[in-house]
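Undergrad: Going down the list, the sequences are from chains A and B.
The first sequence runs 9 to 400 under the working numbering.
The second sequence runs 17 to 158 under the working numbering.
Keep in mind that the hints are not guaranteed to be accurate.
[Claimed, not checked] The list that follows gives simulated cross-link-like pairs (lysine-lysine, DSBU-like), each with its CA atoms no further than 35 Å apart:
1) B:K137 - A:K324
2) B:K137 - A:K100
3) A:K100 - B:K92
4) A:K377 - A:K399
5) B:K137 - A:K380
6) B:K21 - A:K385
7) B:K92 - A:K399
8) A:K399 - A:K216
9) A:K114 - B:K48
10) B:K69 - A:K399
11) B:K103 - A:K100
12) A:K177 - A:K22
13) A:K89 - A:K22
14) B:K137 - A:K377
15) A:K400 - B:K103
[Unchecked claim] Partial selection, computed: residues in chain A whose CB lies under 7 Å from chain B:
16) L174
17) N178
18) S316
[As the list claims (entries may be wrong)] Pairwise CB distance ranges, derived in the manner of DEER restraints:
19) A:N68 - B:M17: 52 to 58 Å
20) A:K272 - B:E34: 55 to 61 Å
21) A:K22 - B:V115: 27 to 33 Å
22) A:E141 - B:K146: 46 to 52 Å
23) A:D132 - B:V115: 28 to 34 Å
24) B:E34 - A:H290: 45 to 51 Å
25) A:I193 - B:D110: 42 to 48 Å
26) A:E141 - B:E143: 56 to 62 Å
27) A:R292 - B:E34: 37 to 43 Å
28) A:R369 - B:D110: 23 to 29 Å
29) A:A120 - B:M17: 51 to 57 Å
30) A:P167 - B:V115: 35 to 41 Å
31) B:K147 - A:I274: 24 to 30 Å
The hints are simulated quantities; they were obtained by calculation from the structure and are not laboratory data.
Given the structure is predicted, the values throughout are model-derived calculations rather than measurements.
No residue lacks a Cβ here, since even glycine has one placed at the ideal position from N, Cα and C.
Listed below, chain by chain, are the residues.
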Amino acid sequence: MSNIIYMDNAATTKVATEVLNEMLPYFTEQYGNPSSIYSLGSSAAKAVSTAREQIALSLNAKSTEIYFTAGGTESDNWAIKGTAEAYQDKGKHIITSAIEHHGILKTFAYLAETGYSVSYIPVDEAGIIKIDELEKAIRPETILISVCFANNEIGTIQPIREIGELARKNGIIFHSDAVQAFGQIPIDVDEYMIDMLSISAHKIHGPKGVGGLYIRTGIKIKPFIHGGSQERGRRAGTGNVPGIVGFGKACALAMANLPEKSRKLISLRDYLIEQINGEIPHCRLNGDSERRLPNNVNFSFRFIEGESLLIMLDMKGIAASSGSACTSGSLDPSHVLLAIGLPHEIAHGSLRLTLSMENTREEIDAVVKAVKEIVLKLRNMSPLYEDYINKK
Amino acid sequence: MYTEKVMDHISNPRNSGEIENASGVGTVGNAKCGDIMRIYLDVDENQIIRDCKFKTFGCGAAIATSSIATEMVIGKTIHDAIKVTNKAVLDALDGLPEVKVHCSLLAEEAIHAALWDYAEKNGIVIEGLKKPQTDISEHEHE
């Protein structure tokens with residue numbers, strides 16, 4: 009697998025060597041339970057506390073406001089269900105956007121089944137939430153707004169500060185799923201007026217199975233797991249110490265020279281966009297060209313379907329992702345691509361390439377060459393393309 | 017996820033392309049669901065399928081089923097060709113993942129649609145052949 013070109017970093021990332029080295033002692037040497045009184049336990053507790061501080065620092069939060077979870081989806085579930093339940097006396101209206109991750113959307117759908125009223129705010133063609141519609145949706149009984157910091161498919165960065173202001177002004181809790189944004193762009197929970205924020209380790213070269221939830225001091229939330237006093241009694245169960253240590257280290261690495269790394273990624277990203285635009289006809293960039301995560305590229309290629317493109321890329325050793333129905337296991341293509349107004353057949357032909365600092369220009373050239381060849385091959389096989397050419 | 021045979025047909029699709037002045041053409045599926053298959057038939061005076069080509073917009077399974085279906089009907093009479101069922105296509109590919117089985121159905125329907133077109137053009141009846149239900153208009157997707 010050494011020759012693989014990995015451009016699916018929004019799906020997951022490779023654990024950094026420094027992260028792995030930091031974690032290893034906590035499996036076989038420092039294996040104590042952080043709740044135990046003896047020194048083996050307290051050194052594990054100290055390591056967890058260091059990780060908590062590393063993450064708090066990166067968000068401009070207090071370490072007592074950081075809770076470790078088993079991942080981004082758990083954080084999303086807990087934030088939404090935990091506050092919806094805690095604030096139900098105030099009201100049962102909750103708001104989110106049309107392009108959230110399923111960890112959010114399905115949790116909202118679950119609450120809708122149990123008697124909450126849900127508003128889904130539409131987005132424009134770039135995937136940016138319509139703030140005026142959000143403002144109109146607010147009612148006296150609205151208790152929660154949840155909007156992703158940046159979208160996982162098309163990379164669009166939301167006007168988080170404006171949403172935060174709106175929520176704060178109306179006394180509504182504001183949660184943001186920052187799983188994709190965290191470690192790529194600066195996040196300051198005070199500046200953005202965020203009350204809860206979901207993050208995940210494996211998207212930033214940390215291990216899988218570890219996430220975090222920032223909960224602002226004073227926010228009421230029901231415990232997610234009942235049991236011991238871990239995570240201030242709100243999420244019981246012995247923590248994943250090696251994973252948490254790895255998360256802390258990954259966070260510290262991501263935050264070091266963040267602006268410089270962002271600039272480098274943006275230049276790689278824009279080079280990739282430019283090359284695809286220049287080399288392959290009948291394509292469109294999905295998402296916004298400016299308000300976009302530094303590592304995200306998402307194109308639709310007309311007349312072809314995404315899964316066959318992915319399989320043929322895989323045959324050439326290239327790992328990528330698509331919003332086609334065939335990759336989602338349903339008949340509909342990605343809800344995000346439909347929400348930004350793409351017709352079904354164009355949404356089926358989407359390709360997401362997400363970069364990391366390890367990708368090079370040479371890899372980008374190889375990927376563009378491969379995509380160009382495969383798109384041409386698939387178009388020559390496509391009845392839609394045949395009809396298009398015949399009509400011309 | 018896919019068998020070796022499926023992967024082989026995806027990497028080297030057989031008989032993809034068009035047939036000019038085809039004896040019969042059938043198009044099934046729709047772009048909305050992400051699958052369109054078009055089958056071209058060249059049928060000789062003895063009602064034997066001399067050539068068959070396909071055009072497919074769809075996932076890997078859709079490409080593989082179209083590809084193998086063309087191989088399975090070439091050389092057959094039009095009456096035998098309707099016996100190329102989705103089950104036969106599935107078996108020939110050593111199976112498909114559960115969520116992709118509808119692709120093999122599409123291949124059967126595309127062949128039937130092309131045979132129907134041939135039968136209509138020639139004013140003949142092929143026993144057991146029903147009018148295709150999922151035939152889409154050529155321009156629906158634009």
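Undergrad: Next step is simple, just say for each hint if it's right about the structure.
TA: Hint-by-hint comparison with the structure:
Pair hint K137 (chain B) plus K324 (chain A) does not hold up; C-alpha atoms about 44 Å apart against a cutoff of 35 Å. Between K137 (chain B) and K100 (chain A) the CA atoms are separated by roughly 63 Å; this puts the pair beyond 35 Å, and the hint is violated. For the proposed pair K100 (chain A) and K92 (chain B), the alpha carbon gap of about 66 Å is over 35 Å, so the pair is violated. For the given pair, K377 (chain A) sits about 28 Å from K399 (chain A) by alpha-carbon distance, which is consistent with the 35 Å threshold.
For the hint linking K137 (chain B) to K380 (chain A), the alpha-carbon distance of about 39 Å lies beyond 35 Å, and the restraint is violated. Note on K21 (chain B) and K385 (chain A): the hinted pairing holds, with a Cα-Cα distance of about 20 Å set against a maximum of 35 Å. Distance hint between K92 (chain B) and K399 (chain A) is fulfilled; the C-alpha atoms sit about 33 Å from each other, no more than 35 Å. At most 35 Å may separate the alpha-carbon atoms for a hinted pair to count; K399 (chain A) and K216 (chain A) exceed this at roughly 50 Å.
The hinted pair formed by K114 (chain A) and K48 (chain B) meets the criterion: a straight-line CA distance of about 24 Å does not exceed 35 Å. A C-alpha spacing of about 21 Å is found between K69 (chain B) and K399 (chain A), which places the hinted pair at or below 35 Å, so the restraint holds. Restraint check for K103 (chain B) and K100 (chain A): the C-alpha separation of about 51 Å exceeds 35 Å, so the hint is violated. A distance of roughly 41 Å separates the Cα atoms of K177 (chain A) and K22 (chain A); the hinted pair therefore is violated under the 35 Å criterion.
Between the alpha carbons of K89 (chain A) and K22 (chain A) the distance comes to roughly 31 Å, so the proposed pair stays at or under 35 Å and holds. About 44 Å separates the Cα atoms of K137 (chain B) and K377 (chain A), which puts this hinted pair outside 35 Å; it is violated. For the hint pairing K400 (chain A) with K103 (chain B), the CA-to-CA distance comes to about 39 Å; that exceeds 35 Å, so the pair is violated. Hint on L174 (chain A) is violated. Least Cβ distance to chain B is approximately 36 Å, over the 7 Å limit.
Annotation: N178 (chain A) was flagged as interfacial toward chain B, and the flag is violated, the nearest CB pair being 39 Å apart, outside 7 Å. The interface hint given for S316 (chain A) is met, as the beta carbon of that residue sits about 5 Å from the closest beta carbon of chain B, less than 7 Å. In this structure the supplied range 52 to 58 Å is violated for N68 (chain A) paired with M17 (chain B), their Cβ-Cβ distance being about 44 Å. The beta-carbon spacing between K272 (chain A) and E34 (chain B), approximately 47 Å, falls outside the hinted interval of 55 to 61 Å.
Between K22 (chain A) and V115 (chain B) the CB atoms are about 29 Å apart, so this pair conforms to the stated range of 27 to 33 Å. The given range of 46 to 52 Å is respected by E141 (chain A) and K146 (chain B), whose C-beta atoms sit roughly 49 Å from each other. With their beta carbons about 33 Å apart, D132 (chain A) and V115 (chain B) fall inside the hinted range of 28 to 34 Å. Distance hint check for E34 (chain B) and H290 (chain A): the Cβ-Cβ separation is about 19 Å, which falls outside the suggested range of 45 to 51 Å.
In this structure, I193 (chain A) and D110 (chain B) meet the distance hint of 42 to 48 Å, their C-beta atoms being roughly 47 Å apart. Remark: the range hint 56 to 62 Å for E141 (chain A) to E143 (chain B) is upheld by a beta-carbon distance near 59 Å. For R292 (chain A) and E34 (chain B), the Cβ-Cβ distance of about 27 Å falls outside the hinted range of 37 to 43 Å, so the restraint is violated. The beta-carbon spacing between R369 (chain A) and D110 (chain B), approximately 41 Å, falls outside the hinted interval of 23 to 29 Å.
Range check, A120 (chain A) to M17 (chain B): about 33 Å between beta-carbon atoms, so the 51 to 57 Å window is missed. Taking 35 to 41 Å as the suggested C-beta distance range, the pair P167 (chain A) and V115 (chain B) conforms, at roughly 38 Å. Checked against the given bound of 24 to 30 Å, the beta carbons of K147 (chain B) and I274 (chain A), roughly 56 Å apart, lie outside it.
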